[in-house]
Each structure stands twice: as C-alpha cells, then as structure tokens.
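Chain order of the listed sequences is E and R.
The letter at position 56 of the first sequence is residue 55 when you use numbering that gives the first Met the number 0, and the numbering goes up by one with no holes.
The letter at position 40 of the second sequence is residue 39 when you use numbering that gives the first Met the number 0, and the numbering goes up by one with no holes.
Do not take every clue at face value.
Calculated lysine to aspartate or glutamate pairs in the DMTMM-like style (CA-CA distance at most 20 Å, straight line) [stated by the list, open to error]:
1. R:Lys270 - E:Glu6
2. R:Lys47 - R:Glu92
3. R:Lys230 - E:Glu15
Think of the hints as simulated: they come from the structure by calculation, not from any bench.
Here the structure is a predicted model, which is why all the values come from computation and not from measurement.
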Amino acid sequence: MPLSMMEQGDTRMITEFRGQEEMKRHLQDLGFIRGEKVRVVGENASGMILMVKGVKIALNRALANRIMVAD
Amino acid sequence: MSMTIALAGNPNCGKTTLFNELTGSKQHVGNWPGVTVDKKDGVYKKNKEVVILDLPGTYSLSPYSAEEIVARDYIVKDKPDAVIDIVDGTSIERNLYLSLQIMETRIPMVIALNMMDEVEARGDKIDCKKLSEELGVPVVPIVARSGKGLAELMEAAIETARNHQKSERVQLFDDELENVIAGIADLLRGSDPDESWWKAIKLVENDEVVAKTIDSAKMDSIRKLVESANKNAGGDAEAKIADYRYQYIGKIVKECVRKAHRGHVETKSDKMDKVLTNRILALPIFAAVMYVMFACTFSENFLFIEGLPSPGVWLAGIVESVWGLLTDAVVGAVEGVGASEWAVGLVSSCLDGVGAVAGFLPLVLVLFLLLSFLEDSGYMARVAFVMDRIFRHFGLSGRSFIPMLMGFGCSVPALMASRTLESDKDRKITMMITPFMSCGAKLPIYAMFAATLFAEGNHTVIVFSVYMLGIVVAIIGALLLNKFAFKSDTSNFIMELPQYRVPTLKSVLIHAWEKVKGFAIKAGTVIFASTVLIWFLSSFNFSGMCDMEESLLATIGNGIKWIFAPLGWADWRASVGVVTGWIAKENIVATFGQLFGGVSDEVVEAVMAGEEGLPAIGEVFNKVSAYSYMAFNLLCMPCFAAVGAIRREMGSWKWTLRAVGFQMLTAYVVALLINVVGNMIF
C-alpha cells in the first residue's frame, strides 16, 4: 500500500518506489531504501512528517503516494 | 606549505558553524561559476597557510541538485589537499552515507563527528577509535558550537593533507558488482586509477553527468557491463549499490554506537513540532512570527505605539540624517571654494548615489539578523513545509512567502531573502515577482493621484486596490512563468526537518554582516552608476547645464512618449516621471511637483502624504489613465537599488535583464488592459 495511507504513529517497511529515477535516487540519499522502516510522526494539510534512519523528513502527499510500504 | 582543506557534509550538520569557528570573520563569499550557490572560503585562524573552503551541504555526491554537482566536481576535479567530512553524531547512519561516497573518491579525508554534546546528553556512546579503524579514516569527535575538539580536528586534517594519506578502499559490494566496476574502470583506463574507479561506480549508478564525459564508443561496451550488473541485481544495480552502502553503515554503527534507549524517544524538537507544524496552529503561529519580523524591520508605529519607529526604520532614519548633514557640509564646502554649478551638481549626485546604498543597509541588516535566526534555528524548514500546500498552487515553494511579504516593506532586502529558497527555479521566479508587491516608496504615488483625481471617500479603496492588483499580477505571473518559461514539474516536496537549536550569536551576526557587505559592494555599483547617469540626463542638454524642462531627459521623454499613448498618458512629463522613479519610486511625486508648475518642497511633502492634490496633473491624467499610470509604476522595473539586488542574487546580467524585461512587459500589458477596459466602462 502507499505510504500516504499510513496513520500517525504507524511504523512500516518500505517496499518500492514508483516514480522518476532522479527522485528515487534522492530518496535513497535521504535513507529511503527497500527494507527500511518508516514511522509517521506528524501530519498536516501540506503532507506527512516521517522518521527515517533517525532523521525527520517532511514530504507531500503526491510523493507519499509513490512510496510503497508493506501491508 | 599552503594547503586547501574543504568542508563537506549534509545540510544542517553544523558545517557553517564549524567554518565560522575555524575562520573567524576572515571570510570571502563568492559564487560558484554558473550557479547561484554560495562559495565561501577563509583562512584558518591558527595557521595562515591553511585555506578552508566551505562546500555546499549535500546528502550525496549524485547529481540531484546544483549543490551536489558543485561539491563533487570540487572534490573530484579540483582535489583539495584534504576533506573534512562533518557527520552529525545524532543521525550518524544517514550522515555516513555521504562519507562513504567521499571515501569512494579516495581523497585524503578526516571525519569530524559533530554534536557530540547532544549525543552524550541522550546517553549514547560512540566509539570513535573503532569507527576510525573500520572506515580507515581518522575520526575526531567535536562540538562545533563550543569549539571543542577543533584543534585536534585541524591537526588531524593537516597531517592527513601533508602525508597525502588516501582513505582506504573498503569493499562494500559483492564480488559480481565489484567485478563489473573493475571492468568499467579498466575500460576507462584514465591517468588516475582512483578517478576511473569512482567514475565506474557512478556509471553503474546511471549517472548521466558522468556518462556525458565518456566517448560514445566506450559507452557502448560500458552499457553492456552495466546491463549485466542490472541483471544480477534483479533489474536495479543502482538500488543495490545504495543498499550495500547502507548495509555496511548498519554493520559498523551496530559495532561502534551504543544507544541508551532502543527505539525512538520523543525529544524536545518532537514536542515543538507537535505545535509548530500542527494542522491547526501552524499557520496562525507563522503569521504571528511574520508580523513580528515585518514590524521590527519596517514599521513606523512599532508595537502599535503611534510614531515609534522599529529598529530597522530607526537605524535607517539615523543613517539618512547623518548622510544628509554630510552631503550638505560637503556640497557647502564645494560651493564655498567657488566650484562651478555642474561640479557642485556632480558632487551632490554622487553623494546621493552612495546615500541611496547606505540608506538601505539598516533594513538589510535588521531583516537578516531575524531571518538568519529563523533559518539557523530550524524553523524555516517547517515554514517551507507548512506553506507548501498553498504556494504549490502557484508553482512556488512555501519559502517564497517570506520574500513576497517583505516586498511590501522594501524590495531590496526582500529580494535578498530569496536566497533561502531551495531550488534555482523557485528563486528566479520569486525574484521576478517580488517587486510586484507594492513597497513603501510607491505609496506616495498613489496618494498623489488619489488626492488629486478621486473623490475623498474613495482614496482608501483606490490605494488598496493597487496593492491587491500587485498580488494578483504576481500570482498570475508566477503561474505563467512556471508554465512557459521554466516548464517544470513541481509536484514533489521532500525536505529534512532538522532539530531545533538555538543559533549561536556569532553565526547570526556573521550571516547578517555578509548580506550587508554583499549588498553594499555588488548592488552598490549598479545603484551609484545609474543615479549619477540620471542626474546627468536630467540636468544637462547639448549646450550645457539646464533645468529639467530643457534637459536631455525631457528630450528623451518627448521622444518616447508615443510608446505610452496606448496606456493613456502620452506626455513627456509622465515619461520622465517613470525614469526618475527608477532612482526611487517616490521621486515621481517630486518630479511631477517640479514639472507641473514648480510647486514648493512643502507642497510636495503634503502631496506625498496624500493631504493635498496636485491639480496641474489633471491636464494630463483622467481617472482611468491615472490608474493605468499607477499600475505601470507598480509593476515596471523597480528602483535601481532593487535591480542591483536582483543582479547580486541572480548572479548574472542575462537573468537580471530577463527579470527586468518580464517586469516591463507585464507593466505594459496590465496598464494597457486597464486603459482599454477602463475607457470602455467610464
């Protein structure tokens, strides 16, 4: 399922990214790789705040829709 | 022996703080060629032979952003004597990803493990000795903010540079992948085996920038090798490489880092984020912060107290009056020695030119003291995120809000604030539309027309509508620029939210000082030259010195007035007003005062405040053409000071001219529409 469906407090594992190569690479640089755990720590109108590799990352829903996590 | 040591690291790792601590105030800020990325270097305080270069903050050496390309080109091509890689100890796993990539270039390097005070406060322990053994690179624990460990760090870095001590090659990948990389490196067979190896990894990673540097015959065989690597990796060798790097990091972090708590513990930053990025509270809090910032810089009635100037206005007032006294004294002295009229004019116009620059410095200073506080504290990243949803509709980033809001005070510091924008495209568009926000100096123009041509009860509506016009045109302009000039995809937003930290006074002061200095030098020349030029045009004709009515400027005004006929004001005096408005927009009122009947200074003052009209302008303007004239001056090229700021921030004349061209065109089209539609209705 897409990461955007996760709820605040959820922790799930990243399975794949569906989108442009360039963005995929940037996501990898920020720690979003297959098998990595992400936790949703916040949500607002702009998007979601995640915890990845001990770092807080904010992203919008358009991007969160393209990141798949394990069901 | 002189040497260069480059600082590399993730954004928010404390790199700039370290740079400031190492170099003190002896810094030089420039631009990397071709991009609007700051290039900062300075001399190490304790050893004048060592030059420290601050590379832009990056997450990796892949070519995702201009910053990353700059950083890696410098490391790979210019080869500093050593690189200090700053790793934020509180997020060591993510930070080491860049370290591994720098190690792949095999440049002599030292790792500075920063924020060790915070690591300790959490109760975590990092075994630096073991980390150093594992990575094959010296690791020095530091606290950049307090200066702890910096002497040891520099000692290690200088030693590494002196010995040309390359970082060791760690085997990160499986044998198959290593073989492919070795095969490609062999094909490249460059003069430098380390560079070939690095390029080979990048080619497996599908790096287009590196691929372009390789001749096409070789690329064919390389592609076959990359293909085979992809097949082995289940279709995606690039992801596999990233995966191996993180696996390796995971392994050594497990060995070297002992965490006090397993899992995530809520920090102070997390608690603050619950409020500051809250669904409901985020926007009101941001509005309050912006109000305070605007009031501190521009307000004439600070803290709602009638007549109390804000720190920015107060300082600007002092600079202006001191400069006024100085100008009077110098001009008086020049007149006293019996200099000719033109010499006196030249001296006073030069002083006005310098004064125009000096008058803006307090505003720039105050705004940037506040802005760099917000930036360094980590709040600005939240602003970008919270405002993102609204600004995305216009194809802009959430951070564009700050320059645009400040534009209502003064375009000069507002344009300089666009530096905080992440992407080059957002920065350029924001700079092009920020002058559409009606600045304080444009208000007297509206006041003049409102008091002269419009009924008493309508003044407020007229002035307010001009402000709204600016906002609407800015939004439409941003949409059009996005669609036609930049053709960009703006659907994605991703950004790290660093931990909140209280910025050090030193870094805030250095940041603000750099801005003031940069403006005075870079923008100063533009402002000075244009002020003197306009003075010359307005006080000379071919037979010598004269009044403005007979000057070259009047001749030019007469020559170009037909251009404005479609806008409803084909009059040479109106055209001259546009030109003198470029020195400072409020000049238009003084120019009109002189050209329409030569009224006294007191009358001009009253007209500027909207207390009195200037009936003579009724000869040229009716309501519709007056509105068209106001719109034109709102939107056309801003004052020279703002153009100077655009020039400084764009980093190129080409883009400066494009921005001015866009503004002129917009002004013409909007004023034309107002005149045509207005005449149909009224």
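Tested hints:
For the hint pairing lysine 270 of chain R with glutamate 6 of chain E, the CA-to-CA distance comes to about 18 Å; that is within 20 Å, so the pair holds. Of the pairs offered as hints, the one joining lysine 47 of chain R and glutamate 92 of chain R is violated, with about 35 Å between alpha carbons and a cut-off of 20 Å exceeded. Taken as a hint, the lysine 230 of chain R and glutamate 15 of chain E pair is honoured in the structure, with Cα atoms around 18 Å apart against an allowance of 20 Å.
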